[in-house]
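Colleague: Given these sequences and hints, build the entire structure.
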Amino acid sequence: MTPKKKRSDLRALVDDLNRHLQLYHQQDAPEISDAEYDRRFRELQALEQESGLVLPDSPTRRVGAPPAEGFAPAQHRVPMLSLDNAMGEEEMRAFVERVQRQLDREGVVALLGEPKLDGLGVELVYERGELVVGSTRGDGRTGEDVTANLKQVVSIPLALRGNPGAFAERVSVRGEVVMTLAGFARLNKSRTAAGLEAFVNPRNAAAGALRQLHEIDLPRLRALEFRAYAIGEGAPAGVTRQRELVAALEAFGFATSPRWRVCDDLDAALAYYGELLAQRAALPMEIDGVVFKVDDLAMQRDLGELARVPRWRDWAA
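Quick note, the sequence shown lines up with residues 1 to 317 if you use the numbering used here.
Each statement offered as a hint is correct.
Capping the alpha-carbon separation at 30 Å, the derived lysine-lysine pairs in DSS-like fashion look like this: (1) 151 / 189; (2) 4 / 151; (3) 151 / 5; (4) 151 / 6.
Rather than coming from a laboratory, the hints here were simulated on the basis of the structure. Bear in mind that the values here come from a model prediction, so they are computed numbers and not experimental data.
Modeller: In structure tokens, the structure reads:
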């Protein structure tokens, strides 16, 4: 078998197995039996050993031992800031007026609205397109290195999608690890079938999943999903708006917040806020409210940050 043929066969097997992982763990729609998946996985392992080649997004890279001595600290080179306090309609109007005043700008300011996911903030660092570190938010400057556990979250790409030459040398992606309502139901069903205690709610089920050290509950990790919302370092050249940033994350292979929307003015933002909360029960995951961000990234930079929170972002519960 030629090297080119081996690589082609590897690519086909990796794509096939990754697809079935998504179907099983994220969509609850398996197309093959566990035994058949295991057979194809062993076939991939044998081909990797024979060829000496492991593709960056191979599912075999998700198999590994967690840290044995506790979690090492992980520094965020760009701080992961928190959100300001929740606000109502009047505070929302005051927020927009404050933005206009600080920018010395009259007229409309476009905002991007998205659900405020009830999850755990994490950062994923990619070097040359490959995942090297995954960490918790921690205090915003230092988190915990939970790479081994994050690699078990099927929706986290082990390698960024696209041409590696198009990525910055280092790309850091921020987002929330959540448990969807469907994933929560599947997890509790499997736990009760095994005689284990069911979790109370999705956040309770997700909360300790990333900090497992020794007896790893793999089904619990596989029930998690990652939703990206920001790039800390390495945003693609030419991205000037928050909406373009979200599109870039999706092009990299990430799922983003459901039903995000660009609101061209305050009235549109308030309408979106009311609409999203009215549809709250139909969303695939629990939310705390709605986050609004100034869409123009140059305006975000001009607005700057307070000690703890950015001036260009706020949320309504």
